[in-house]
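Participant: Since the structure of chain R is provided, determine the placement of chain W on it from the hints.
Chains as they are written, first to last, in numbering that gives the first Met the number 0: chain R, 0 to 273; chain W, 0 to 319.
Keep in mind that the hints were calculated from the coordinates and are not lab data.
Among the hints, a few may not be true.
[As the list claims (entries may be wrong)] With beta-carbon atoms standing in for the labels, derived distance ranges:
| id | chain 1 | residue 1 | chain 2 | residue 2 | range |
| --- | --- | --- | --- | --- | --- |
| 1 | W | F14 | R | P39 | 54 to 62 Å |
| 2 | W | H91 | R | S217 | 44 to 52 Å |
| 3 | W | S9 | R | S217 | 54 to 62 Å |
[Claimed, not checked] Negatives, chain W to chain R, calculated, CB over 10 Å:
| id | residue |
| --- | --- |
| 4 | R77 |
| 5 | D127 |
| 6 | L178 |
| 7 | A197 |
| 8 | A201 |
| 9 | G218 |
| 10 | A219 |
| 11 | R239 |
| 12 | L243 |
| 13 | R259 |
| 14 | G281 |
| 15 | E289 |
Glycine residues also receive a C-beta, built at the ideal position from the N, C-alpha and C atoms.
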Amino acid sequence: MIRVELVQLVRRPRTWVSIALLCALPVIVAVLLSTTEIGPRPGEGPALLSAVLSNGALFPAASLGMVLPLFLPVAVSVVAGDSVAGEAATGTLRYLLARPVGRTRLLVAKLTSTLAFVVMAVVAVGLTGYVLGRTLFPSGSGGSVAVPVSSLSGSTLSPREVALRTMLALAYIVWSMLGVAAVALFLSTFTESGLAAALGSLSLLVLSEVLVGLDAASALKPYLVTRYWLSWVDLFRDPILWHDVRHGVLLQGGYVVVLLGAAWANFMTRDITA
Amino acid sequence: MTEPVIVTRSLFKRFGPVRAVTDLDLVVPAGERFGFLGPNGSGKTTTVRMLLGLVFATSGEIEVMGERVPRHSRAALRQVGALVESPAAYGHLSARANLALLDAAGPGGRRRGRRARIGEALLTVGLDTVGRRPVRTYSLGMRARLGLAAAIVRKPRLLVLDEPTNGLDPMGIREVRELLIRLNDAGTTVFMSSHLLAEVEATCTRVGVVDRGRLVLEGALDDLRGPTGRVLLHTPDAGRVASLLDGQVVEREGDRVVLRGISVADLTARLVAGGVRVSEVGPERRTLEEVVLSVTGAGADRHSATLVEEILRDPEERPR
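The shape of chain R in the complex, shown without the other chains:
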């Protein structure tokens, strides 16, 4: 069943269209930046972007910073929200279950394919960023004008360190997106509308974002799903600030465990009338 789901994911045009769209944003930004060479002032605009003009090695991370707040969660919500609800809507859910595919197995397969999508999307954006960074911006190896990469704290980072930290950032972002996926998958087990599940999960993210910015909600802040999303930027400080990253990993893990548990409990006991 897991293999079937992965094959489905790869065969579905939607997967590739959404990944292509995700990659389009960094391409547009890269072209604009490299032709105009007008970078955002330090401290403004997407994370790390101002540093890119002097060295493209940070562009993969900067690309992820661009898609992370909105586009990536939207794509993940759509895929995860559609996973069970979409099967219910087309009626194929009842045939899969009668085949028989166990309900737990089906849910695990859906989760796996969602995870695969998240990894594919994040890696695709990262790779796009890498290629763009090497070709359109001064790079450490080929270009003569490249300035050594400096961390957000001002010290110099070796290419090796940049690569390592970028990988860590990728992993952190995948993990953060799993929280979104868990929310959408959970909602997906309740409805026959993939759209409703996706929008539901996005509403929760928007709510979380609003509350993160609200001082009156400070007591809730450490538990909001989007609170530590941008903490991966701390991986580019010197030394790395682990505090928020660690909290983020734990918090997302909590969301994943609780919501997947709830999704499983609901799906196991639900009458499939679709």
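Facilitator: For chain W alone, coordinates are given in the frame of chain R:
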């Protein structure tokens, strides 16, 4: 001798305040073609879904292929092919790809022999020449055929089919009937639900009628439609029959005459002797329609009228 393939004991299902199935005791013996007859909303689909472990019973027991459902659904359902309510498939894939995914998804779906299995199923339902067209371009009838192909691709010992002829034209309905009879002859038990009396009568060997979630009639079709002891005669000389066999004619309408108290053999001899031309003669059998009418009419159940009306209603105007 043969173990029943489906047994339900005091099966109840409620959806909130609605009782979908009430105290259903059903036994489907192996080897039969069982017609599960009832109007829309009588609990047929809910029962089918419970048999397949999709819907959980409020109370009562279900056994399919000797295994408890839903506890041992996996063991039970791997011997079952199903068509539930309407066929469904992934619209962006071809028939072949759809069947391959379904085959691979469940137990026993080895790659070895898959092509052959799928090819055979598609050939059986007459979809072998559609090629790589995606299913979303299919007509309703083609989708119905694909649904049947999906049900039989694993060569199940039991077919559970919910309204298998929905969306088919008369030719397709006949093909499906012949297919089911052929599969049944080869040893597959068929359990099909339908709201069409004529269809069940033409296809099935055994009938169960449900109304408002209750089983109101169950038995072998031949027993139910047993001879009435009367003789049915078709003749262009109906008037002369009446004078020749006065007192034994029960009904006369056009060229149709019903007689009682005389065997077919004696009647034929008398008619030949009397020079009466005969176009058709034989023992009168009750139609399933009459049986259902008599059963549901006998009770004081006010809703039985709606049952009969519903069953007799034209399929086209049936609400979805």
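Participant: Against this structure, judge whether each hint is valid.
Facilitator: Verification of the supplied hints:
| no. | hint | result |
| --- | --- | --- |
| 1 | W/F14 <-> R/P39: 54 to 62 Å | 57 Å, holds |
| 2 | W/H91 <-> R/S217: 44 to 52 Å | 48 Å, holds |
| 3 | W/S9 <-> R/S217: 54 to 62 Å | 58 Å, holds |
| 4 | R77 | 6 Å, violated |
| 5 | D127 | 21 Å, holds |
| 6 | L178 | 19 Å, holds |
| 7 | A197 | 27 Å, holds |
| 8 | A201 | 26 Å, holds |
| 9 | G218 | 28 Å, holds |
| 10 | A219 | 28 Å, holds |
| 11 | R239 | 61 Å, holds |
| 12 | L243 | 61 Å, holds |
| 13 | R259 | 50 Å, holds |
| 14 | G281 | 43 Å, holds |
| 15 | E289 | 35 Å, holds |
When each numbered hint is compared with the structure, a violation occurs for hint 4 only.
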